[in-house]
Amino acid sequence: MKKRLLIACAIGCALPAAAQKPVEYVEYDLPNGMHVILHQEPATPIVAVSVMYHVGSKNENPNRTGFAHFFEHLLFEGSANIKRAEYSELVEKNGGALNANTSNDRTYYYDLLPSNQLELGLWLESERLLHAKVDQTGVETQREVVKEEKRQRFDNQPYGTWMEKMFKLVYGNHPYSWTPIGSMDHLNAAQESDYVDFYRTFYVPSNAVLSIAGDINIEQTKKWIDKYFASIPTGQAINLYRDFENLSDDAFLAKYNVARSAFNANDFLNPKDPKAKALIKEYTAKKTVVQRPDAPITPINGVVRETVYDNIQLPAVFYGYQFPKETDKDFAALEMLNAVLSGGTSSRMNKNIVEKKQEAVAAFSFAFNMEGPGLGLVAGIAANGITVEQLEASLDEEIKRIQDELISVEEYEAIRNQMENQIVSSNSSVAGIAENLAQNYMYFGSTSLINRQMERYMSVTREDIQRVAKKYLTQNNRIILHYLPKQQ
Amino acid sequence: MKKWITYIALSATAVTGAYGQQIDRSVRPAAAKAPVINIKDSEVFKTSNGITVIVSENHKLPRVSFNLVMGGRPMMEGSKAGVNDLMGKLILSGTTSRTKDVLDKEVDYMGATLSANGNSIYLSCLTKHLDKALGIMQDVTMNPSFPESEFERIKKQEESNLLSAKSDPGTMGANAEKKINFGNHPYGDVMNETTLAAITRDDVMNSFKQSFTPQGSYLVIVGDITPAAAKQLAEQYFGKWTGTAPYTADPGSGTVKKGNRVIFVNKPGAVQSTISISFPIDMKPGDPNQLPLTVMNNILGGGNFGARLLVNLREDKGYTYGTTSDLNVLRDGSWVSASGDYRNEVTDSAIVQLLYEFERITNEYVTAEELTFAKSWMAGNFARSLESPQTVGRFALSIIQNGLPADYYKTYLQRLEAVDREAVLQMAQTYFKNGYNIIVVGNESVLDKIRQFDSDGVIEKLDAFGNPVKEMKQADITADQLIENYMYAVTQTTSQKAMAKKLKKLKSIEKKTEFDLGEQGGGMKLLMTDVFQAPVKEYMKMEAGGMTFQSSFYDGTKGASTSMQEGRKELTAEELEDKRKSAGMFPEMNYKVNNVTYELKGIENVNGKDLYVLYVKNGDSEQYDYFTTDTHLKVKTISITKEGETTIENSDFKDVDGFLFSHSTKIVMGPMAMDGKVTSITVNGKVDPALFK
Chain A
201 MKKRLLIACA IGCALPAAAQ KPVEYVEYDL PNGMHVILHQ EPATPIVAVS VMYHVGSKNE
261 NPNRTGFAHF FEHLLFEGSA NIKRAEYSEL VEKNGGALNA NTSNDRTYYY DLLPSNQLEL
321 GLWLESERLL HAKVDQTGVE TQREVVKEEK RQRFDNQPYG TWMEKMFKLV YGNHPYSWTP
381 IGSMDHLNAA QESDYVDFYR TFYVPSNAVL SIAGDINIEQ TKKWIDKYFA SIPTGQAINL
441 YRDFENLSDD AFLAKYNVAR SAFNANDFLN PKDPKAKALI KEYTAKKTVV QRPDAPITPI
501 NGVVRETVYD NIQLPAVFYG YQFPKETDKD FAALEMLNAV LSGGTSSRMN KNIVEKKQEA
561 VAAFSFAFNM EGPGLGLVAG IAANGITVEQ LEASLDEEIK RIQDELISVE EYEAIRNQME
621 NQIVSSNSSV AGIAENLAQN YMYFGSTSLI NRQMERYMSV TREDIQRVAK KYLTQNNRII
681 LHYLPKQQ
Chain B
-3 MKKWITYIAL SATAVTGAYG QQIDRSVRPA AAKAPVINIK DSEVFKTSNG ITVIVSENHK
57 LPRVSFNLVM GGRPMMEGSK AGVNDLMGKL ILSGTTSRTK DVLDKEVDYM GATLSANGNS
117 IYLSCLTKHL DKALGIMQDV TMNPSFPESE FERIKKQEES NLLSAKSDPG TMGANAEKKI
177 NFGNHPYGDV MNETTLAAIT RDDVMNSFKQ SFTPQGSYLV IVGDITPAAA KQLAEQYFGK
237 WTGTAPYTAD PGSGTVKKGN RVIFVNKPGA VQSTISISFP IDMKPGDPNQ LPLTVMNNIL
297 GGGNFGARLL VNLREDKGYT YGTTSDLNVL RDGSWVSASG DYRNEVTDSA IVQLLYEFER
357 ITNEYVTAEE LTFAKSWMAG NFARSLESPQ TVGRFALSII QNGLPADYYK TYLQRLEAVD
417 REAVLQMAQT YFKNGYNIIV VGNESVLDKI RQFDSDGVIE KLDAFGNPVK EMKQADITAD
477 QLIENYMYAV TQTTSQKAMA KKLKKLKSIE KKTEFDLGEQ GGGMKLLMTD VFQAPVKEYM
537 KMEAGGMTFQ SSFYDGTKGA STSMQEGRKE LTAEELEDKR KSAGMFPEMN YKVNNVTYEL
597 KGIENVNGKD LYVLYVKNGD SEQYDYFTTD THLKVKTISI TKEGETTIEN SDFKDVDGFL
657 FSHSTKIVMG PMAMDGKVTS ITVNGKVDPA LFK
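So the sequences go chain by chain: A and B.
In this text, residue positions in the first sequence follow this note's numbering: the first is 201, and each later residue adds one.
In this text, residue positions in the second sequence follow this note's numbering: the first is -3, and each later residue adds one.
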């Protein structure tokens, strides 16, 4: 037994990059433009039903920042067929869990259900997409809840405001310059028309990916998807339908010049009335258009410094750099660069700055994976008695070294092994698989990339890492944030 | 149905247009047939040296994890609180054959995870690296070296972490909760600057020896491995490990007090109050009440959107982003904690609502819908948790560790189903009684709002580490006036002139004090001799059983200390400078001219007596002197140096040749306390000049 194990190891160790066990899936588009991805995994009788909407904080009106995230909260409030507070109740009382999150680029909703409740999950998500309903009480309550979320996660946390400050400085006039939590004043100012417009613009089938993973029967799942999602009107007909449900007879007539009564609630898309029929045809053909801000970002000019006085005890330094998009060929190299700098206990920043010089309690580097221009972060929290200047000098030294010299062969092999472990582990739950599939499709336009992660990282060379260090860690053009203790 | 077939045919040809819409969306889909939930059995066996091995086989991913968990019980740490945590952080700091750098490199090279805490060592890696990774895990388990340099480094890092904790409301709240719920229990040990300073490398090594032993330990192996291979590897790598008997005393449960207490922890600048209502309960894992109590607690504040606390405080009132009631049932101590973050303005309203919900669930039956909801939600959580192979291993460990029936988790859903409304009400009435600890971490501006919730109207204030904060009144005199009054008191004079005259005549003082070391010290007596000679010479000697084991002197320009362990050490230039500023029989008189930092902090009430608190900083050392407000005598000194904190209490003031001297002294250093009686004081006696050499 022992011998066999040793041999197995010897072989394994000789081949650093094992092939990934592929994630199998089927994908297709519904006629209304919604993209569907299905992955079958029978090991546990559960299923993850998720919808990723291609809308994030970057799509917001600069006077309504925080709106995409606020809207995510509102979309748990119910629908034409689901009463307030009932949405989560339906999931939880059927043994499920649910949640959502919003980034700069997308909004993601998911339900984790026992596999026999798949149809319920599909119905719930289709209701959210087709005709969510929010009343004034819901708006007011969620506004307060979001404010509490901001206080809890950012304002009342030590260094909690760094992200807001850093994004603002790195991105200048780009819509990434505000973070998803946004401005509370903007949320206070939001009007009903803001909600309606946002929903009609971004919550349409062609702007969404339905991703399902778990113990499912693919054929049965497709039938249910047809029933609940393919039945959602195409193009602007979805908004025509929403108006049909929400406007008064007079308002509907005034807007469309066709009587609301010409439509039949039970068979909306097939009215008998010729004028109504023509309207359906016209609005079905009218495309939904989602603006995708892709303005180039203004390069950082020189070293921009800012000091923040916070309720903290230990000073901290945050560097911000302009990085490429996640889809850029250099992004994988940047992630491996970060692994060398701060990936494990033996990484350079931890070894040298935290352990040897003892100048920081934590030091790390990170690449934000964005659909648009990325953000690179190098940061440290000073040890007691260490100044921001001392810490800066050490952080700069590590950056200079990785720019001036190739990383060692040993470091290179280590980060490849780390990446391999990460990739193998990344698809360990159906919830994770559903999200990875959707994200690969949405950002990269290639679902199959989920199975090509290994080659993406393994093709990065030591020279690539040095090259991206020089190219993106621009020491003469960067943001430097200092956090210092507020005098109390 | 027919329409559907048509639709599918059309969509296949990708004709655009709108079809269908014939569904009735108001009909909620029914569940399909309930899936069967299987919990795989784990393989359990023992190694030759007594480790219980649990194997949960799962080949979905080419990964394996080994978790070595100790079976001993926690011990009280008291004045060395944090030693077990510190030890856990140091396990991976090197072995007898690997430096920390080598160890870190080897682990990172495989992309593996190796972590440790005061009670376990965990390894996770790709299957292909297993043999090599286990070799390292074996090494850290059997041969950790706790290098001095790493000990010093981690200690320094912990000092920084303790500083950070002072601005982190979550940590501050958790510390207060531990201290309040578990006053005289290992869970109530919270590390602070003083306890950290007191921990030595020997303490850490002893803690490891005491905690890490194969006897009674568990090795939980999960993932891509067969039981046969696991058995062979467990024996190969851990079968030769030896150790002492683990500590097995049950620490018991926490302390419940009558009436509600309000506990406040100040976080300057806070924009939210972090509120937790908590109390300890008497319950062990597997208690028949555990499941019904869990159902009850989940209806109250489980982590679902239907829980009463969330519906009321978030969905209805918008006071918080989230709030839950957590039930923690552990082998060594159990407690309930309902917590959340609320904006300052609604701090009192939030507590009102929290208490209202506590009250409601103990007074009324929950509704049938609520009960069904909670049970279904729990059943779903249970089913989902089985996706992770770690869960199965965890279940098997819990069964063995807590002596539960072998089918405990297999019957979980069945037992859950049997919980009824009567049981839920009974649980609330049994465990949720008054005696709630209402802990608020926040801005001082909320203090007046929360007093009403305390049963005796007195808010207890704790610092970031859960220790009582001393409240002070503004002093009615200045620091210089206090020092002057003190000198009048000691010299028993009432005018500057009289005092100066008396002091001028004072040439020397020799004081002998006898300390009884008590049982801790084996009944030994310690004799301390203090000699002062005007103007600034001083000498100190400590002897026991006729042997001098420590002495020190200062003659105005040089000085030294001599101890049995370290021999003679001359005072350094810095130490001499500090000494110069604080020398003399009454150093207070010279603070001003010597540029010593001193400040009268205020009046503190200690055990019913008002005392002035004088803060003194001289070089690296800090000192708090306490003077009574009526007699102005110095009754207590707390000095804080790099070595730790020392408290000296003086009482029994008696006249000796016109001066008032204390005749009874108590010294507290870390865990050690000594009571001393002054046996003689000689004023202006003959002093041997050889003492100052």
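Derived from the structure by calculation, the hints contain no laboratory data.
Accuracy of the hints is not assured; some may be wrong.
[Claimed, not checked] Mimicking DSSO-like on lysine-lysine, the simulated pairs with C-alpha atoms at most 30 Å apart in a straight line are:
no. : chain 1 : residue 1 : chain 2 : residue 2
1   : A       : K486      : A       : K600
2   : B       : K36       : A       : K551
3   : B       : K673      : A       : K686
4   : A       : K487      : A       : K427
5   : B       : K457      : B       : K36
6   : A       : K423      : B       : K29
7   : A       : K293      : B       : K162
8   : A       : K670      : B       : K101
9   : B       : K597      : A       : K551
10  : A       : K487      : A       : K477
11  : A       : K556      : B       : K101
12  : B       : K501      : B       : K632
13  : A       : K283      : B       : K371
14  : B       : K162      : A       : K368
15  : A       : K557      : B       : K501
16  : B       : K632      : B       : K554
17  : B       : K613      : A       : K221
18  : A       : K556      : B       : K128
19  : B       : K371      : A       : K556
20  : A       : K686      : B       : K597
21  : B       : K371      : A       : K551
22  : B       : K597      : A       : K333
23  : A       : K551      : B       : K613
24  : A       : K557      : B       : K613
25  : B       : K227      : B       : K151
26  : A       : K347      : B       : K280
27  : A       : K686      : B       : K236
28  : B       : K101      : A       : K529
29  : B       : K85       : A       : K347
30  : A       : K686      : B       : K280
31  : A       : K368      : A       : K686
Remember, predicted model here, so these are calculated numbers, not experimental data.
Structure-based check of all given hints:
For a cut-off of 30 Å, the pair hint linking A:K486 to A:K600 is broken: about 54 Å separates their Cα positions. About 42 Å separates the Cα atoms of B:K36 and A:K551, which puts this hinted pair outside 30 Å; it is violated. For the proposed pair B:K673 and A:K686, the alpha carbon gap of about 48 Å is over 30 Å, so the pair is violated. The hinted pair formed by A:K487 and A:K427 meets the criterion: a straight-line CA distance of about 22 Å does not exceed 30 Å.
Note on B:K457 and B:K36: the hinted pairing is violated, with a Cα-Cα distance of about 50 Å set against a maximum of 30 Å. For the proposed pair A:K423 and B:K29, the alpha carbon gap of about 18 Å is at most 30 Å, so the pair holds. At roughly 41 Å between alpha-carbon atoms, A:K293 and B:K162 are farther apart than 30 Å, so this suggested pair is violated. About 25 Å separates the Cα atoms of A:K670 and B:K101, which keeps this hinted pair within 30 Å; it holds.
At most 30 Å may separate the alpha-carbon atoms for a hinted pair to count; B:K597 and A:K551 exceed this at roughly 43 Å. Proximity of A:K487 to A:K477 is assessed by CA-CA distance (about 18 Å); at most 30 Å being required, the pair is judged to hold. Only pairs whose Cα atoms come within 30 Å are accepted, and A:K556 paired with B:K101 is accepted, the gap being roughly 15 Å. Proximity of B:K501 to B:K632 is assessed by CA-CA distance (about 27 Å); at most 30 Å being required, the pair is judged to hold.
Taking the CA atoms of A:K283 and B:K371, the gap is near 22 Å; set against the 30 Å cutoff, the hint holds. A distance of roughly 29 Å separates the Cα atoms of B:K162 and A:K368; the hinted pair therefore holds under the 30 Å criterion. Our distance criterion of 30 Å between C-alpha atoms is broken by A:K557 and B:K501, whose separation comes to about 56 Å. Of the supplied pair hints, the one linking B:K632 and B:K554 holds, its CA atoms being roughly 28 Å apart against a limit of 30 Å.
The suggested pairing of B:K613 with A:K221 is violated, with an alpha-carbon distance near 65 Å, which exceeds 30 Å. For the suggested pair A:K556 and B:K128, the alpha carbons sit about 27 Å apart, so the restraint of at most 30 Å is met. Note on B:K371 and A:K556: the hinted pairing is violated, with a Cα-Cα distance of about 53 Å set against a maximum of 30 Å. Of the supplied pair hints, the one linking A:K686 and B:K597 holds, its CA atoms being roughly 22 Å apart against a limit of 30 Å.
Taken as a hint, the B:K371 and A:K551 pair is broken in the structure, with Cα atoms around 49 Å apart against an allowance of 30 Å. Straight-line distance between C-alpha atoms of B:K597 and A:K333 comes to about 60 Å, which puts the hinted pair past the 30 Å bound. A C-alpha spacing of about 36 Å is found between A:K551 and B:K613, which places the hinted pair above 30 Å, so the restraint is violated. The suggested pairing of A:K557 with B:K613 holds, with an alpha-carbon distance near 29 Å, which does not exceed 30 Å.
With a C-alpha separation of about 38 Å, the suggested pairing of B:K227 with B:K151 is violated against the 30 Å cut-off. A threshold of 30 Å between alpha carbons decides the hint, and for A:K347 with B:K280 the separation of about 39 Å lies outside it, so the pair is violated. Our distance criterion of 30 Å between C-alpha atoms is broken by A:K686 and B:K236, whose separation comes to about 55 Å. For the hint pairing B:K101 with A:K529, the CA-to-CA distance comes to about 28 Å; that is within 30 Å, so the pair holds.
For the suggested pair B:K85 and A:K347, the alpha carbons sit about 37 Å apart, so the restraint of at most 30 Å is broken. Using a Cα cut-off of 30 Å, the hinted pair A:K686 and B:K280 is violated, with the two alpha carbons roughly 45 Å apart. Restraint check for A:K368 and A:K686: satisfied, since their Cα atoms lie roughly 22 Å apart, inside the 30 Å limit.
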